[in-house]
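Student: Spelled out, the chains give:
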Amino acid sequence: MKHTLGFYLRLYGMILAQDLKSKMSYRADFIISTVGMIATNVAGFVSFWILFRNFPSIGGWGYYEILFLYGFSLVSLTPVQCLFDNNWSLRQYVYSGDFIKYCFRPVNLFFYYQSEVFDIKGLGQLAFGIAMIVYAWGKLGLAVTVLAVVKLLVFLLTASLVMIALQNAAAATCFWIQNSFYVLDFVTRFKDYARYPVTIFSPVFRFVFTFLMPIAFIAYYPSLVILRPDEVPLLSWLSPVIGVVFFFLSYRFWMYGAMKYSGTGS
Amino acid sequence: MSSVIEIKNVTKEFKVLNRREGLKGSIQDLFSRDYKIVRAVDNISMQVQQGEIVGYLGPNGAGKSTTIKMMTGVLEPTSGEILVSGNVPYENRTRNAQQIGVVFGQRSQLWWALPLIESYRLLKEIYCIPDADYTHMLELYRSLVDLEPLLHKPVRQMSLGQRTLSDILAAFLHNPKIVFLDEPTIGLDVSMKAKIRTLIQALNQEKHTTVILTTHDMGDVDALCRRVVIIDKGKMLYDNDMEHLKGFFGSYRTLKLRTDGDHAAQAAAMQKMLPELKVSADTEWISVLVDESRAHVIDVLAQLQKQYTIRDMQLQEISTEEIIKKIYEEGVQ
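Chains as they are written, first to last, in my numbering: chain A, 5 to 270; chain B, 154 to 486.
Among these hints, one or two may not hold up.
Said to hold, decoys possible - With a cut-off of at most 20 Å between alpha-carbon atoms, the simulated SDA-like pairs for lysine to any residue come out as follows:
no., chain 1, residue 1, chain 2, residue 2
1, A, Lys6, A, Phe252
2, B, Lys431, B, Lys386
3, A, Lys105, A, Phe252
4, B, Lys277, A, Asp23
5, A, Lys105, B, Lys388
6, A, Lys105, B, Gly314
7, A, Lys27, B, Lys388
8, A, Lys27, B, Ile282
9, B, Lys360, B, Leu297
10, B, Lys277, A, Leu161
11, A, Lys6, B, Ile282
12, B, Lys388, B, Asp187
13, A, Lys264, B, Thr231
14, B, Lys386, B, Met199
15, A, Lys105, B, Asn162
Since the hints were made in silico from the structure, they are not lab data.
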């Protein structure tokens with residue numbers, strides 16, 4: 005049976021609503037994690053601000069441009085945080101054999117697995133990110149046109165696919181190896197570098213971050229389309245394609261692993 | 154009557170690395186190509202008709218779960234053919250999933266944090282169950298079990314029995330053609346077991362659902378199954394009526410007695426009295442193995458009661474393990 009996109013969106017909405025309801029019922033947990041999330045974001049911003057008190061620009065990038073980049077990376081890293089958090093539990097499900105319970109439903113396995121968890125903590129990051137983008141946008145004196153906003157949204161959306169793809173691929177390694185936590189942790193650590201212009205790194209890392217571990221597509225390349233509209237490199241225009249392609253490949257890899265999975269014990 | 158499950162010469166092999174011992178061995182294993190082939194399911198064939206309840210028995214590691222995983226589409230058979238309600242399960246996993254319901258041991262498939270009714274609403278959406286069918290099904294459930302107290306309880310707060318009950322109801326919710334129940338009564342108390350058995354029986358009759366039941370509990374089999382399939386070490390040992398099986402082995406029942414005085418001496422005396430039966434004794438019970446085709450338990454009991462004061466008695470049916478042992482020793486069919 006083939007389901008339509010509408011079917012999946014509605015189902016996701018229902019699961020999400022239920023999940024939020026049940027999360028609110030753990031009130032203490034909800035409040036503590038909200039406070040923790042705000043603190044994390046504030047701390048991140050403060051260290052960024054201190055850095056710029058001492059250096060007025062980094063690699064030819066001014067304060068507000070970097071702030072924009074920072075905001076862009078926070079927003080484009082929100083979906084992976086909110087919607088794909090169940091990837092972190094994958095290896096436990098696979099190890100214990102509980103993963104099999106996801107295999108019996110007449111819906112897409114990847115969708116069904118990821119839909120189970122919505123991590124509400126990512127929403128604070130989203131709010132911070134949007135505020136930074138709007139503030140920097142104003143300070144940089146960029147024009148507010150329909151085209152610019154559409155561009156921003158398209159590039160944000162596709163940029164978010166890059167980190168999702170990296171995380172899917174890293175999580176899916178658990179179908180083959182036991183200590184996949186380290187792979188996932190390793191890949192996740194790189195996302196902190198996404199908020200800096202890739203030009204400040206040495207050529208070796210520039211190559212790595214562009215082609216091997218393509219975190220430069222999380223914020224740097226797509227931001228250039230907005231920030232430096234006169235000198236957009238080809239890689240920036242390609243970034244939506246790269247996001248979509250990477251996501252698709254990671255999805256196939258994940259599904260391939262899941263299909264190979266045979267379950268342990270009874 | 155048409156068959157909903159057709160299995161033809163199905164074999165499933167797993168490649169297992171021959172592991173070496175010690176640290177040095179582990180390092181060698183990293184590069185090893187030294188695999189051995191383990192045959193978990195070996196050339197099994199069977200057909201199941203719509204509406205049947207089939208008891209699928211065998212000791213641990215016999216290949217029961219592997220067969221079920223192949224029927225549900227999780228595993229691909231190495232060779233042979235499987236058709237489940239017309240589908241090849243592995244190739245059409247999602248289409249197959251619409252036709253089947255699965256309860257896998259103690260692994261709840263419901264949403265842990267949600268009240269049961271919300272889980273059922275999500276399942277209604279996932280399986281595209283029409284409103285009328287859904288309402289009808291819940292009505293049926295209400296008539297069979299005391300559903301109300303469960304509906305608004307989050308699954309994580311349920312007892313094992315309540316959770317199993319909820320999971321079984323969830324598996325039948327979309328009115329599937331076949332339901333696979335893997336050890337549904339494991340770890341439950343006697344009254345809950347009885348409740349679950351009655352429920353399965355009722356749902357099977359009401360909806361004409363085919364049920365494949367794996368279990369170690371002969372009580373489940375006795376209560377539910379007319380047909381029994383036994384496998385061991387991947388091979389099919391038996392596939393026939395429960396009655397037929399009983400005709401072979403179940404005609405033996407063990408009469409257990411507790412009397413005053415020394416069991417061993419009395420057992421020896423009883424053996425003399427009943428030369429055609431086998432009497433043995435331990436500190437707790439005197440066991441008399443009665444072949445019911447030759448003597449009736451009641452008659453034996455009456456005869457013994459004339460001479461001995463019987464304090465307590467039990468009647469024991471033969472167990473799966475004993476049946477399998479006997480099939481090995483004596484063969485069947």
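Student: Run every hint past the structure and note whether it holds.
Tutor: Status of the hints after comparison with the structure:
Annotation: proposed proximity of A/Lys6 to A/Phe252 holds, straight-line Cα distance about 19 Å (limit 20 Å). This hinted pair does not check out: B/Lys431 and B/Lys386 have alpha carbons roughly 31 Å apart, beyond 20 Å. Restraint check for A/Lys105 and A/Phe252: the C-alpha separation of about 24 Å exceeds 20 Å, so the hint is violated. At roughly 17 Å between alpha-carbon atoms, B/Lys277 and A/Asp23 fall within 20 Å of each other, so this suggested pair holds.
Proximity of A/Lys105 to B/Lys388 is assessed by CA-CA distance (about 27 Å); at most 20 Å being required, the pair is judged violated. As the CA atoms of A/Lys105 and B/Gly314 are separated by approximately 19 Å, the hinted pair is consistent with the 20 Å bound. As the CA atoms of A/Lys27 and B/Lys388 are separated by approximately 48 Å, the hinted pair breaks the 20 Å bound. Simply put, A/Lys27 and B/Ile282 have alpha-carbon atoms about 27 Å apart, too far for the 20 Å limit, and the pair is violated.
A distance of roughly 13 Å separates the Cα atoms of B/Lys360 and B/Leu297; the hinted pair therefore holds under the 20 Å criterion. At most 20 Å may separate the alpha-carbon atoms for a hinted pair to count; B/Lys277 and A/Leu161 exceed this at roughly 31 Å. With a C-alpha separation of about 15 Å, the suggested pairing of A/Lys6 with B/Ile282 holds against the 20 Å cut-off. This hinted pair does not check out: B/Lys388 and B/Asp187 have alpha carbons roughly 26 Å apart, beyond 20 Å.
About 13 Å separates the Cα atoms of A/Lys264 and B/Thr231, which keeps this hinted pair within 20 Å; it holds. Annotation: proposed proximity of B/Lys386 to B/Met199 holds, straight-line Cα distance about 17 Å (limit 20 Å). Between A/Lys105 and B/Asn162 the CA atoms are separated by roughly 27 Å; this puts the pair beyond 20 Å, and the hint is violated.
The structure shown violates the earlier hints numbered 2, 3, 5, 7, 8, 10, 12, 15.
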